Amino acid sequence: AQSVSQHNHHVILSEAASLELGCNYSYGGTVNLFWYVQYPGQHLQLLLKYFSGDPLVKGIKGFEAEFIKSKFSFNLRKPSVQWSDTAEYFCAVQPPMTWGKLQFGAGTQVVVTP
Amino acid sequence: DGGITQSPKYLFRKEGQNVTLSCEQNLNHDAMYWYRQDPGQGLRLIYYSQIVNDFQKGDIAEGYSVSREKKESFPLTVTSAQKNPTAFYLCASSTQGAIYTEAFFGQGTRLTVV
Chain A
1 AQSVSQHNHH VILSEAASLE LGCNYSYGGT VNLFWYVQYP GQHLQLLLKY FSGDPLVKGI
61 KGFEAEFIKS KFSFNLRKPS VQWSDTAEYF CAVQPPMTWG KLQFGAGTQV VVTP
Chain B
1001 DGGITQSPKY LFRKEGQNVT LSCEQNLNHD AMYWYRQDPG QGLRLIYYSQ IVNDFQKGDI
1061 AEGYSVSREK KESFPLTVTS AQKNPTAFYL CASSTQGAIY TEAFFGQGTR LTVV
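Those protein sequence lines, which keep their order, are chains A and B. Counting from 1, one number per residue, gives the positions in the first sequence under my numbering. Counting from 1001, one number per residue, gives the positions in the second sequence under my numbering.
Chain A with its partners taken away, still in its complex shape (with noise of 0.2 Å):
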């Protein structure tokens, strides 16, 4: 079955430390890609996405993600994070021409300890 998988249900790290969360999808053809967080008690926010271009996307609050291709992938990396990054973030793929229809991977708990 075509699916978006998330490598870590959850990640624990200190502050400054790097952060990298992987995500791979088994969709053929061009796909849309996304990073959303959720913040304790907040809804689902945009990190970021990629649709065409740069395969190395930034985005918000020094976020960025590369889409690798050939490997399916689409993994989210932050060089130095912060406690207010403790959150769930999820990776999802927008299928071929399913329009805004999204596919989510189970998702990442991050906590990050000061």
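Just so you know, the hints here were simulated from the structure itself, not pulled from any lab data. Mixed in with the good hints there might be a few duds.
As the list claims (entries may be wrong) - Straight-line C-alpha distance at most 20 Å; calculated SDA-like pairs for lysine to any residue:
id, chain 1, residue 1, chain 2, residue 2
1, A, Lys61, B, Phe1055
2, B, Lys1071, B, Asp1030
3, A, Lys78, A, Ser3
4, B, Lys1057, A, Thr98
5, A, Lys58, A, Gly29
6, B, Lys1070, B, Ala1081
7, A, Lys58, B, Phe1012
8, A, Lys49, B, Ala1081
9, B, Lys1009, A, Gln45
10, A, Lys49, B, Phe1104
11, A, Lys71, A, Glu20
12, B, Lys1057, A, Ser3
13, A, Lys49, B, Gln1096
14, B, Lys1057, A, Met97
15, A, Lys69, A, Glu20
16, A, Lys58, A, Gly41
17, B, Lys1057, A, Pro95
18, B, Lys1057, A, Pro96
19, A, Lys49, B, Thr1095
20, B, Lys1071, B, Gln1096
21, B, Lys1009, B, Glu1024
22, A, Lys58, B, Phe1104
23, A, Lys61, B, Ala1081
24, A, Lys69, A, Gln42
25, A, Lys49, B, His1029
26, B, Lys1071, B, Phe1055
27, B, Lys1009, A, His43
28, B, Lys1009, A, Lys58
29, B, Lys1009, A, Tyr39
30, B, Lys1009, A, Gly41
31, B, Lys1014, B, Ala1081
32, B, Lys1009, A, Pro96
33, A, Lys58, B, Lys1057
34, A, Lys49, B, Lys1071
35, A, Lys61, A, Pro95
Nothing here was measured: the structure is a model prediction, and the numbers come from that model.
Dock chain B against chain A, hints included.
This is chain B only, laid out in the frame that chain A set:
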């Protein structure tokens, strides 16, 4: 402010009762979606609508029903047939007919069956 409004924020339902969750958008988007969020499972698509008076089942439509009588509104009814309705429900909307389209999310409704 343009956006998506979901109400209520918290909802309690007795077993055997139907309950309707409201979703309204003023973004002039054609497409609207309902997702269900459960811990460790990400978001799963319940129903979506690409145009007024038309809607399609998503991945987990059993026990749910929707209507789309107006462009701005896409209410979701959780029926007594839904075996495990306690969850966080998210409504989203997007433009339709564009290759590069992004979904915008409401703040969610947390439904608890008591």
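Output the numbers, in ascending order, of every earlier hint that fails for this structure.
Numbers 1, 3, 5, 6, 7, 8, 16, 23, 24, 28, 32, 33, 34 and 35 - these are the hints that the structure violates, sorted from lowest upward.
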